[in-house]
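These protein sequence lines map, in sequence, to chains X and P. For the first sequence, this note's numbering begins at 1 and goes up steadily by one. For the second sequence, this note's numbering begins at 495 and goes up steadily by one.
Don't read these hints as lab results, they were simulated from the structure. A virtual CB, placed ideally from N, CA and C, is assigned to each residue, including glycine. Please note that a few of the clues may not be correct.
Facing chain X, from chain P, some residues (calculated, C-beta under 7 Å) [stated by the list, open to error]:
id: 1; residue: Leu554
id: 2; residue: His1025
id: 3; residue: Leu1042
id: 4; residue: Trp1043
id: 5; residue: Val1044
id: 6; residue: Leu1047
id: 7; residue: Ile1053
id: 8; residue: Leu1054
Computed far set for chain X versus chain P, every beta-carbon distance over 10 Å [unchecked claim]:
id: 9; residue: Met23
id: 10; residue: Ile172
id: 11; residue: Gly221
id: 12; residue: Pro392
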Amino acid sequence: MINEHLPALQVVVPLLAAPICFMIFNNRLSWLFATLVSWLSFAMAILLVMEVRDGTVLHYEFGGWAPPWGIEYKVDILNSYVLLIVTAIAAAVFPYSWKSIQKEIPKSHHRIYLTAMLLCLAGLLGMTITGDAFNLFVLLEISSLSSYTLISLGRDRRALTASFQYLIMGTIGATFILIGIGLLYALTGTLNMADLASRIPALEGSRTLQAAFAFLILGFGLKLAMFPLHLWLPNAYAYAPSAVSAFIGATATKVAIYALLRFLYTIFGSSFSFDYMQVQWLLMPLAIASILFASMVAIFQDGIKRLLAYSSVAQIGYILLGISLVNVTGLTASLLHMFNHALMKGGLFLALGAIAYRVGSTQVKSIAGIGQAMPYTMAAFVVGALSLIGVPLTVGFISKWYLILATLEKGYWPLTVLIIISSLMAVVYTWRIIETAYFQERPAGAAPVTEAPMSLLIPTWIVIFANLYFGINSSLSTDLASRAAIILSGGSLL
Amino acid sequence: MSSLILPPGLILILGGLLLPWVAPRFKSLIAIGFPLLTLMMVWLVTAEDSMTLTFLEYQLDILHLTPEGRVFATVFSMMAGIGALYALKHARTLELSAAFVYAGSAVGVTFCGDLISFFVFWEIMAIGSTLVIWANCYQNDRAYGASMRYLLVHLLGGVILMIGIAFHVANTGSIEFTAMKADNPATILIMIGFLINAGAPPFSAWIADAYPEASASGTVFLSAFTTKTAVFALLMGFPGETILIYVGMYMVFYGIIYALLENDMRRILAYSIVNQVGFMVVAIGIGSELALNGATAHAFAHIIYKGLLLMSAGSVLLMTGKRKCTDLGGLFQTMPVTAINGIIGALAISAVPLTSGFVTKSLETSAAAEAGMPWVWFMLVAASAGVFLHAGIKFPWFVFFQKDSGLRPPDPPWNMRLAMWIMSFLCILIGIVPAIIYGILPYTLDYEPYTADHVVTQLQLLLFAGFAFFALLALMKRTLTISLDLDWFYRKLMFGVVVWIKNHIPQLIAPVMLGLKNFGQRKFDRLFKVHGPQGILARTWPSASMVLWVAVLLAVMMILHYMRPS
């Protein structure tokens, strides 16, 4: 039965497709193949979600080796939910890529781009699905290395520096994670997550365990761009090709957050992480700082990509804030925002890519007056921006609603005020773009601009439409997120 | 069959969203077809039908039939269709599309069973109507400013309404939209939110400020929905709230006085909307069954004859490009159809027997008499004479007769003429067969408008008012003036005072202004220095600094670990 092997196929298919993609010498065929693979992955993720939705957990033993020794893949509600996010964005970005890379990446590099994208996809999916701590590190490296490649493909020469910087920081992060996992292995003699989880409670007082915890938190903190370890992110997003910004911006940080949650809750357990190590008091101030400072920096940016990148840092702050509240509602809000932020940032970066395709630049001043010339693209951007602000009927509202509920539940009302203030800051930084596009004249002598081609518009609008659909009919995402939150916390937060 | 029942408003909204995508030759099909479909759906819905949505933990009911809602929904969908017919040739797609979304959400409001979906439709209306004005930006320089002022007023109203609703839900735990009493902060805020959309003081000015800046057809759409949904909301939410009598009375006389002073023909009609909505608000304040029937019937009739008047004015604007009474006159010679229809509309608004105004407005005055409120009755009757003065005679007289302006424009194209004829037909049909409208009112009605006494009284009143108009013609003749309104306080006075002080007592204001400016500049510079593109927090190149941060955070984790409560 193919169903039995679904958890493995979910990772193996894009992983094996990557070299095949490189060996297809026709660029267009290669792209078609990659797109098909991304859709196939999406279909598999949907199947997995449907299988585990009732609470069953799928186990898959690689090569028939039983768990503590062999590598185990394990699918539950939480990671099937993350798989869905990643593959959904991939399924929109791959078809979008063809047109977008024509202008942004030299022809000779198209296959490298597609191969790296597939590898990155495989790495992210593997990180999500695996039940083995070391395997997680390996797949993290696969996704990281491929994303360094992807970022360096940007047409701006600064992309190389940005990629190199990301490489340094990413490697430090990965090394920290490796140190953490190594210490855990030395301590327990196992790498299987479930096995680790059962052995850790007995070791609570161990210095080694505490050091492993600290290294792991900071390692993932680097990968997920936790303030002030976010410095690699704005450059990486700003100089990467548009399609890469959309894909990485929407998915990579989410998977890192997922991994952080896995370690916090499943492996170390909430009593060790929050009661013993007090990690929420590290996360909360950093989350608050990232929400405030990153939003403020976003207001002053000249480049739209950088602006959106800083906004991503602020949005990651929301997710960390939800985690640091240590209650089920907060965790639900964080999980929801992982999904919702992927949709809004994915949509915005895709719309921006369409603008870059026609205008050639993503500076705020260069888009003056394109509102009339590119009505569908800009309308998509406006809807994405509304979602980012958190206007009712968009997904942004749903996650902010839950986050506000969570802060009120805890009685931390100043945080409620903070969320509202940062929403207003989002109004300011998105309005700058909208005002420039709609209310300013096209500068004299600027080349005329026409609407973006359909192959860019359709994927963009599908993602934007999802922003509206899940904002109105939010039952699927809220149901999955709240059940995942309850399972993740194992009832310990109720 | 119930599976085929959809919320009628959504059909119209869907039509609006479809419009920009269809080929031009199918545009008319959608523009006429979707309102008809909506109208059909309004009458197919039965009280048993419902469509609930789950939003967060609330059950929203967006298909909740009430008799009042059906009357309003009927006339809203009719207006959308006839307005679209009128707009077909000249309006931009943006305008038509926005108007359909706007009309659809107005219909949506009338089918809401709960406050949350009510609020959502309410806000979509604000955006849709702003876009309708905005669509005229390319022809009218003032439209952009007007649309922004309009949006600000409505967003303010929306925020007040939202706070009120949130308060109300927190107080009662129920989101149901039923009759309320304005006796606590929550419901008072909700009522203020409704009243702002109705054009109540001190926010009456937005109607005359914004509506005349839209295109010929845009004003027709605008006149129909926003204020009348507010009437519907008040009717459902606050029947019999005494304060509404005073608010409404203010609006009645505000509308008359400003309309008499006005020179712009469509602005006259915009003031007249405030006046007419004032009648309805008074009736809602009276709150008896007869009064509520009256408000409903009057809203129905008013939407049609005000639409007709604005179509007539819009045709004149379109054919001559002029909007001021002083520039117009004598147009009846070459625009007979427009003139005749304009006069029919004027007769209807003046409540001349055999028109829709006569059979509906008299319900309200009778209700005042029946409720034992003589002064209310007296003022409403006096105001009826005033209506005849400003809308009944002034508009047709100065536009179509009076002096010969020398303009010889032809009648507008066939679609506009047809739309006007349909509206005129409806005005007269309702006037002759009032049972049509009486039959669909929320409460059973035993009322005979055509008694000898009533007809004679009304004719006397009109004759006297007509006599007064021509006797005072010299005073009525408008010159180019500007009438001040309460918005002067927030648009001119506050600004003016500062400018005056600056010009007259510079030694007083200069240091303050300079201080403020320097303070702001310093703050901005500081923010920019820290957060700007080259700012401390936005510097992204040094990897070393991030490695330093990693070390700092490791140290923080260690400290946290030692500080844990044991």
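Comparing the hints with the structure gives:
no. : hint    : result
1   : Leu554  : 10 Å, violated
2   : His1025 : 5 Å, holds
3   : Leu1042 : 9 Å, violated
4   : Trp1043 : 5 Å, holds
5   : Val1044 : 6 Å, holds
6   : Leu1047 : 6 Å, holds
7   : Ile1053 : 10 Å, violated
8   : Leu1054 : 5 Å, holds
9   : Met23   : 36 Å, holds
10  : Ile172  : 7 Å, violated
11  : Gly221  : 7 Å, violated
12  : Pro392  : 7 Å, violated
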